[in-house]
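Order-wise, the sequence lines are chains A and B.
Per my numbering: the first sequence = residues -9 to 236.
Per my numbering: the second sequence = residues -9 to 236.
Misleading hints may appear alongside valid ones.
Since the list can't tell identical chains apart, any single copy or any two copies may satisfy a pair.
[Said to hold, decoys possible] Simulated crosslink set (SDA-like; lysine to any residue; CA at most 25 Å straight-line):
| hint | residue 1 | residue 2 |
| --- | --- | --- |
| 1 | Lys192 | Pro219 |
| 2 | Lys78 | Thr111 |
| 3 | Lys43 | Ala62 |
| 4 | Lys43 | Ile59 |
| 5 | Lys228 | Ile206 |
| 6 | Lys78 | Gly32 |
| 7 | Lys43 | Ala58 |
Just so you know, the hints here were simulated from the structure itself, not pulled from any lab data.
Computed from a predicted structure; not experimentally measured.
Protein chains: 2
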Amino acid sequence: MNKASRKGEAIVLLSGGLDSATSAAWALAEGYSVTAISFDYGQRHRIELQAAKAVANDLGISDHVTLAIDLAAFGGSALVDQSIAVPKNRSEDVISNGIPVTYVPARNTVFLSLALALAETRNASSIILGVNSIDYSGYPDCRPEFLNAFESLANLATKSGVQGTHLTVLAPLVSLTKPEIIRLGLSLHVDYGLTTSCYDPKEGGQPCGECDSCLIRAAGFAAVNIPDPRVTAFMASKETNCGSDC
Amino acid sequence: MNKASRKGEAIVLLSGGLDSATSAAWALAEGYSVTAISFDYGQRHRIELQAAKAVANDLGISDHVTLAIDLAAFGGSALVDQSIAVPKNRSEDVISNGIPVTYVPARNTVFLSLALALAETRNASSIILGVNSIDYSGYPDCRPEFLNAFESLANLATKSGVQGTHLTVLAPLVSLTKPEIIRLGLSLHVDYGLTTSCYDPKEGGQPCGECDSCLIRAAGFAAVNIPDPRVTAFMASKETNCGSDC
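So that you can see chain A by itself, here it is in the shape it has in the complex (with noise of 0.2 Å):
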């Protein structure tokens, strides 16, 4: 279904994570031609790599750019500083200062910039993210007027903006619940059994299921009432690892 191109094309923010993975299922589905990009970013849940790359093909976007930066050069989150835990079960240090600590200083407005610099390079008119207002409330850079502010910035700062085209950031995922985003990837035929949404993954890629995200994710999958397939294979995996001993 990709390179249908009737909407032109488009950058695709691909974390690998079940939003990411939806919008860019919902991007093929409108038909714009969808080059993907991902980021290597020191992050601990680095296994959302492999994930990225096994939704970018189960989608059929041939063309995905995974692009490295030392986001942890800088510190200051939990999610790229071994030294700050991430917060489990909703414990007090979810939140400092009205801002989650698995917040990553300005990641969304670094990941808008390369992602605005590919944009141009491939002359794509649009570039589509999966972030949410809903779950993640906490995150500055996930509001929607923050979105409205970057596409206001990336037709000043562009090529396009002087010669007169338009350049969009979407987020179709941005005022969508937890579930309403689930049944939108299904009927989209979105594999959710290949992303992975945990910030602090054990060895092999298995979800915590303490984290903030988890819990979320866990939410979602409960509210539509379906079993997450990425929980259920690990727990198939690990039923058959240990046999009759389990």
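Take the given structure of chain A and dock chain B to it, following the hints.
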């Protein structure tokens, strides 16, 4: 003169060129406590990273971060793509559809975003850069309206915005001519012999003398009626090396 901090913490973008060295000296003279950031982005004029280090050292800036980011993976500019020639002597291919071919897609957006991430982790309230809208009138991301839009975005994108503090983007050279910039830098004791502006330096870092950046710099020094110490140093070195045979 560093760490006086009458004005608080600032992140200064330091490329190793004439303009950024001047803006760094300006920031220190104004009383900012300066952290410098440079980018190893696949530029063909990598010699500027050594220049940035020398300038930081000369100005007494001990906190200097160099971040690697592979913009060359995207291509699309003569500055990172070896297959595109750097135009010389104001030849017609300087300009492509109103934009110089040396323009790197979304470069200042990417650099400012990374400076923003660093600002957030260092609690800096200012980002200072040496962009100039007169010399680089063809670059969309050197215009004052771009800088204003980035400041608006920055205050929506970060903890600062949510927590009610304000981040300021300062471009002290934005409306100055090159001679004015050089006079400002000389009054602040900037050693321009340490800086490099050439887009396409020869072996050993010698300026080509023919690219747009060399021509603008040469005209600037000519206007203030002093020799460019960078060029003088290479000429002296050449005379020393070839002795009486020159």
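Status of each hint after checking the structure:
no.	hint	verdict
1	Lys192 <-> Pro219	within (17 Å within a copy, 57 Å between copies)
2	Lys78 <-> Thr111	between (41 Å within a copy, 23 Å between copies)
3	Lys43 <-> Ala62	both (22 Å within a copy, 22 Å between copies)
4	Lys43 <-> Ile59	both (18 Å within a copy, 21 Å between copies)
5	Lys228 <-> Ile206	within (23 Å within a copy, 67 Å between copies)
6	Lys78 <-> Gly32	within (21 Å within a copy, 40 Å between copies)
7	Lys43 <-> Ala58	both (15 Å within a copy, 23 Å between copies)
Comparing the model with each earlier hint shows no violations; every hint is respected.
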